[in-house]
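Colleague: One letter stands for each residue in the lines below.
There are 2 protein chains.
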Amino acid sequence: MPRIVQKFGGTSVKDVEHIHKVAKIIAATYEKNKELAVVVSAMGHTTDKLIDLAKQINNDFNPRELDVLLATGEQVSISLLTMALQSLGLKAKSFTGAQAGIITDSKHGYSSILEVRTSSIEKSLAEGEIAVVAGFQGITESGAITTIGRGGSDTTAVALAAALKAEWCDIYTDVNGVYTTDPRNLSSARRLAAISYEEMLELAASGAQVLNARSVELAMNMQVPVRLRSTFEPDDIGTLITNKMSAPSYTVCGIACDTNQVSFNLKIRKRVNKKTTGNNNVELHYLDGVSKLLNRFQKLGIHIDMVTLLGKDDESAPELSFTAHKQSANKVYAEIQMLNQDLGEPDVAVDSEIVKISVVGNGLSARRGLVSAIFDVLSEASVPVKMLSTGDIKVTALVHQNYKDKAIEEIHERFCVYPPTDVRVFAS
Amino acid sequence: MPRIVQKFGGTSVKDVEHIHKVAKIIAATYEKNKELAVVVSAMGHTTDKLIDLAKQINNDFNPRELDVLLATGEQVSISLLTMALQSLGLKAKSFTGAQAGIITDSKHGYSSILEVRTSSIEKSLAEGEIAVVAGFQGITESGAITTIGRGGSDTTAVALAAALKAEWCDIYTDVNGVYTTDPRNLSSARRLAAISYEEMLELAASGAQVLNARSVELAMNMQVPVRLRSTFEPDDIGTLITNKMSAPSYTVCGIACDTNQVSFNLKIRKRVNKKTTGNNNVELHYLDGVSKLLNRFQKLGIHIDMVTLLGKDDESAPELSFTAHKQSANKVYAEIQMLNQDLGEPDVAVDSEIVKISVVGNGLSARRGLVSAIFDVLSEASVPVKMLSTGDIKVTALVHQNYKDKAIEEIHERFCVYPPTDVRVFAS
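Protein sequences appear in the order of chains A and B. Residue 174 in the working numbering sits at position 174 of the first sequence, with consecutive numbering throughout. Residue 169 in the working numbering sits at position 169 of the second sequence, with consecutive numbering throughout.
Hints were generated in silico from the structure; no laboratory data involved. Using N, Cα and C, we set each Cβ at its ideal position, and we do this for glycine too. Among the clues, some could well be false.
Here are the simulated distance ranges between beta carbons [said to hold, decoys possible]:
1) E127/A / N33/B: 49 to 59 Å
2) N330/B / D15/A: 48 to 58 Å
3) V307/A / P2/B: 34 to 44 Å
4) Q298/B / S112/A: 32 to 42 Å
5) T390/B / K91/A: 44 to 54 Å
6) D48/B / N340/A: 56 to 66 Å
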C-alpha cells in the first residue's frame, strides 16, 4: 500500500473551520487506500503569542523552558485535528514529538533531528490509523522537550517521510507551488511543475519564503520527493521538488528576492602597524582584523552573505563588503566597533535601502555567459548594481530597493521564457 | 535538608502578574533552605476553554485526544512559572507529567496514579533546582498522555510528596484554610487550625469544595501532612490536615453543604410477578429490579448517595430513595424508565429543590446521641428534614433549599462551640 506523509502549516489549521477543511483533505487522501501520516503546525499565530507571553514573564527567558512552552502549540493542533478526523468516522491517533520518536540534539530553539524512531507510528499505521504528528518539536535522549526552529514542521515532515520510506511528502501551505518569482512582485510569474532540490535550496536560501531551506536540504540528502501544494486548492498537485534526474533542466528556474538585508562596506584606512614597518605587515594587520571579525560572526551565529574583499593597491584603500540580516545589523555594527583597531579604523557605510535579487537555475553553471547577460540586462534597464556575486547555480545582485520591481521584471522577461511544462507529467 | 512540596491552583497562576506573585512565595520558601518541588495547575479557566474548543471540533470527542489537548494547559504553566523563578535568579526546571514520572492507568479523563518515578526530580533537587511539575497529568506505561480528573493537581501534589518523602505538602488555593462551614454561607464560621484526614475526607465528599476528596484519601493512605493555605496570605499557615493522633479531637469539626444534588424517590407499586404467585416472589421481583438499577449506576459511573430502602409491610408500598448529582439526573431518570418493569412500575418523584447538609466530626461515632440531638435542633428550629443518613463520623440531612442557611446556622451555633485552637501549635 503506498505510504505518504502530508504536512499542514499554521495558516491551514488557524481555526476550527480550517481544521475541519484539512480533515477533509486528509480523508480524501486516505480514501485512496494510502497509509498516511500527517504532520501539523501550531494554529495560526499561536507560536508568536506564546513567545510574547514568555517575554512578559521573563524577557531573558530560558531556551529549555521556552521549548516546553512552544511545544504546547502543536500538541493542541494534533489533538484537535485527530478529533476532527474521528468526527468523519476515520481512525486516527495523535503523537507529540516525543511519542512520534523524533529524537533531536539538545540545542533548544534550533535543534537538529538525529533520528526518527518510528515503531509507534508504524504500529498505528498497521492498525489502519491516520497518525497525526506534532511538527516542530522533538525530544532529547534524556527526555527534554526541544523545538527545531522556525519552519521546523517542514523538516519534521521530510524526516518522517524519509524514516517511514514514504513515496513522497506533501507540504500544504497557502500558495499552490513554486513560482519563477514571487507573484506578489510580478504578475507574470509562472508556476513551475517541478524543480530540483538544488535549485529549490538556492531559492529558499535567497529569500523565497515558500519552503524552509533546512527541510529542502534534508529532502535532498534523503531523496524524499516533496510536493508543495495549497490547502485552498486541494485538487491542484502543485510543484514537485525532486532530484535533477526527474526535474526538467531550466537555465533559470526562478528569481528570489530578499528585502531583509543590510549591506556593510568597510573602507580600510591604510595604516602602518606601529610595531612593525613595511607594507607586508600593514596588509597582514587588517587581514588579521577581517579574520577576527568573521570568526566573531560565526561564534555569535550571525550569518553574513556576499562577502567580498576588494583588492588593494598602494593608491586605494582595501574594502570589505558583506550583507547581513536586518535583525543582526546592530550586533554586526557593534562587533565592527569593537575590532576598530584591528580593522585599521575603517570608514563604515551601512546601507539598509537595498534588496538582494537572486537568479537560480541548474543551467547557470553550464552557461557562464549568463552572469554577464544578467549584468547586461540590468545595465540596459538602467538599474545600477551595487554588488554582484555568483555561486554554482545562483547569481545574486544587490540593488537599491526602488529598483526591486524593475530588476525582477527585466530578468524574468529575459530569462524565464521556457514553455510551461505540463504539470500532469509529475502527477501522482 | 527538609523537603516540601507546594501546589498552586489555577486561580493562583491565572495571569502573568499572579505567576510572579507565586514565584515570590516559592522563593521565600526556598530561601529557608528547603528542597522544593512545586506542582502547578493550568492558568485560570484554560481547561474549560480547551474543553470548549474540543466540543467545537467534535462534540463526541475521544477521551485519549482530549487528554492530549488538556495536558497543554499545565505545560504552559510549568514553563512560565519556571521562567518567573529564573527571573528571580533561582535555579528551576520544569517537568511535564511524563517527565516527572507520574505513571497512571489508561482511564483517560479520570486516571489513577499508579506510581511516581522520582529519579529525574531527585536529580534536579540534588542540583539545587526547584522542580516545577505539571499537575493533573500523567503518562501510561505505553506512553499515552493521561489526565487524572478535576482537582487532579491536588492529587499529583500529594502523590509526589509521598514519593519524595516530603515533610509536608502545602496546597495553596484562594481560601486560607478549612472552616467549620463555608464562610459565604455563615459569617460566624470559624477556621480550624487542624483537622484529621477522615474528617476532611467526609467534608470534601459532602460538598466542601476546599479540597479534592481523592487527594485527601491519598494523603490519608500515604500519611502525608497537608497544609491548606492561601496564595493571597502567604504568611498565614492555614489549616493542617493530618492523622487523628496529631489533630485535635472535635466532636463536630465542620458542616458541609451540597447544593448540587437531586433526590429521587421511587414508590414501588405492589405487583404480582406474572410468572409466579405468592408474596415472596413479588418481593424478590422488585428487589431484583433495585439491584439491577444500582448495578447500572455503577457501570455508568453514576455516583448516588443516601441510598435508603424503606421497609414494607402488606399495607404500604416499599420505597427506594437516593440522591444524585444534578448533572447525572437525566441519566438516572432514563435508567429508571428503562427498568420500569423490573422495578414494579414505580411512582417516581424527583426533587431538585433540596440541599444536603453534612455534619462531620470524629467525635460523632463516640457520641451516638448526637444524631438525635442534630435532629432535635432542626426540629426545634422548625426545619423539616426530608431524609437523614448517618455514617461513622458524619450525619447528613436533606432539607428544602429555603432552609439551607437556617439549618447551617442552628447546627453551627449548637455544636461548633469549641474554643479556637491556637494555630501556632501546628506551625512549621
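Colleague: Which hints from the list above does the structure break, by number from lowest to highest?
Modeller: When the structure is compared with the hints, numbers 2, 3 and 4 turn out to be violated.
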